[in-house]
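Asker: Residue numbers (the working numbering), protein chains in the order written: chain A, 1 to 224; chain B, 1 to 82.
Simulated from the structure, these hints should not be mistaken for laboratory data. Be aware that one or more of the hints could be misleading.
Partial list, computed: chain B residues near chain A (C-beta under 8 angstroms) [what the hints assert, rightly or not]: (1) Cys40; (2) Ala62; (3) Val63; (4) Ile69; (5) Val73; (6) Leu76; (7) Leu78.
Beta carbons: idealized from backbone N, C-alpha and C, even for Gly.
Chain by chain, the residues run as shown.
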Amino acid sequence: MKELGRIHQLIIPFFGHNLTFNLEVIIMTWIVMSILLVFGFLAAGKKRIIPGPIQVMGELFISQLFALTEDALDKELGKKYAPLICALFMFLLLSNWIGIIPYMHEPTKDLNTPLSLGLLGFFISHYVGIKTKGFKAYIKTYFDPFFFMMPLNVIGELAKVVSISFRLFGNIMGGSIIILVVSYLVYSVLIPPFLNVFFGIFVGAIQAFVFTMLTLVYISVQVK
Amino acid sequence: MEIMGADIVRAFALLGAGIAMGLGAIGPGIGEGFAAGKACEAIGRSPQEAGLLTRTMLVGQAVSESTGIYSLVVALLLLFVV
Numbered sequence: 001m002k003e004l005g006r007i008h009q010l011i012i013p014f015f016g017h018n019l020t021f022n023l024e025v026i027i028m029t030w031i032v033m034s035i036l037l038v039f040g041f042l043a044a045g046k047k048r049i050i051p052g053p054i055q056v057m058g059e060l061f062i063s064q065l066f067a068l069t070e071d072a073l074d075k076e077l078g079k080k081y082a083p084l085i086c087a088l089f090m091f092l093l094l095s096n097w098i099g100i101i102p103y104m105h106e107p108t109k110d111l112n113t114p115l116s117l118g119l120l121g122f123f124i125s126h127y128v129g130i131k132t133k134g135f136k137a138y139i140k141t142y143f144d145p146f147f148f149m150m151p152l153n154v155i156g157e158l159a160k161v162v163s164i165s166f167r168l169f170g171n172i173m174g175g176s177i178i179i180l181v182v183s184y185l186v187y188s189v190l191i192p193p194f195l196n197v198f199f200g201i202f203v204g205a206i207q208a209f210v211f212t213m214l215t216l217v218y219i220s221v222q223v224k
Numbered sequence: 001m002e003i004m005g006a007d008i009v010r011a012f013a014l015l016g017a018g019i020a021m022g023l024g025a026i027g028p029g030i031g032e033g034f035a036a037g038k039a040c041e042a043i044g045r046s047p048q049e050a051g052l053l054t055r056t057m058l059v060g061q062a063v064s065e066s067t068g069i070y071s072l073v074v075a076l077l078l079l080f081v082v
């Protein structure tokens, strides 16, 4: 049970301030990224007419996500932003699934990872909104029904970041805490594998999908 | 042993965590039940769209779950930070 509140931190003094690095999260993120890179090279390194198994998997994945993106945005923008959506989904899926391996921790268990991804989606959606609609029309959406609704609209936009990142963080963190507590209670007999399947694979996949879909929806709301 | 002020703060933090989680779980439970019920009705009406309906239902449920997740985060903060 001591594992619950434990965070590996590297604290470096820097001109009177302390720079804090969460080492575990950084290492796990690098592991996830390297696995994704290896998968990408295996899937697209040697493109063949008759595809190998990994290439088939990659093609299925990419075509599904491209179709989703082109449904939400229009054809041209969809082609432009589908790689972002694919990368986000694959990264989140692998990050959520890596926790089922013993001694590995999900990078999304730390609030920093979901919050930075949420901020990424926030800035990208507003950039796309300004670029497609023009600055004037973009500003005009904030004063939408009446002039004095502006603060509410701004807060609503900022709350999107909080809600999207806390949703992912809370799900993954809560799942891992439940797994830890129940494993401790039953002395790791019989029950933890099922919990791992539910909270690791099922909830992880759904939350990764929800995160990507919501980012996509935020972009499409800004475009229209 | 004397009860100090810090003990009382800790006790109320634990109590607050329990209340937050218990009350916060009501809303998502009702909402997810509604979503599942409506999805069942829709699948009964048009069984050929079952895949799309199930996917939409799961995404909607995961979104409506978020208030419960907020209360979970608040409960965790009360448990481990206060």
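Asker: Take the hints in turn and mark each one as holding or not.
Answerer: To see whether the hints hold, each was checked on the structure:
1. Cys40: Violated. Min distance 19 angstroms.
2. Ala62: 4 angstroms, holds
3. Val63: Given a least distance of 6 angstroms, the restraint on B:Val63 holds.
4. Ile69: For B:Ile69, the interface hint holds, since the closest Cβ of chain A sits about 4 angstroms away, which is under 8 angstroms.
5. Val73: 5 angstroms, holds
6. Leu76: Hint holds; B:Leu76 Cβ to chain A Cβ min 7 angstroms, cut 8 angstroms.
7. Leu78: 13 angstroms, violated
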